[in-house]
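J.: Sequence:
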Amino acid sequence: MKVTKLATAKTGVPPKHFNMVSLELQGMEPEGFHNLLILGQSQFLPGGGCEGGEMMADVIYYVLEGEMTVTDKNGSDTVLEQGDSVRFEINEYRELLNKSNDIAKMLVIAAIPPKQ
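Count along the sequence shown starting at 1, add 17, and that's the number in my numbering.
Everything labelled a hint here was simulated from the structure, so no lab data went into it. All C-beta atoms, glycine included, are put in the ideal place defined by N, C-alpha and C. Not one of these hints is a red herring.
Taking lysine to any residue and the SDA-like style, the derived pairs with C-alpha atoms no more than 20 Å apart in a straight line are: (1) Lys116 - Gln60; (2) Lys19 - Gln43; (3) Lys19 - Leu53.
Label-pair ranges, simulated between beta-carbon atoms: (4) Pro31 - Asp94: 20 to 26 Å; (5) Val20 - Glu98: 26 to 32 Å; (6) Gly92 - Leu23: 32 to 38 Å.
Make the full structure from the sequences, and use the hints.
T.: Rendered as structure tokens:
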């Protein structure tokens, strides 16, 4: 069993993300976890987001608070609100942006592919 208390979760900013902070909740430790799943919480300030690009893993985003705009490879925007979720498969394009004036919080579940 591995318990992570919110007060002790590591923080960081993943590559290509801006005006945000990520809390590493589960699965980021290098040892002892073999299912290659991670769980994090991302908090985006107004204007925060992630540059467009192809996903490096299968990922599910679940909006806890606020709203996030997701842009697909065709340039179509979808606004996700509290309780909404979206799934992206590895190599699928996505861009994220908090276009609101409130902080947005999302749970992030990712299935990291095994190293070849």
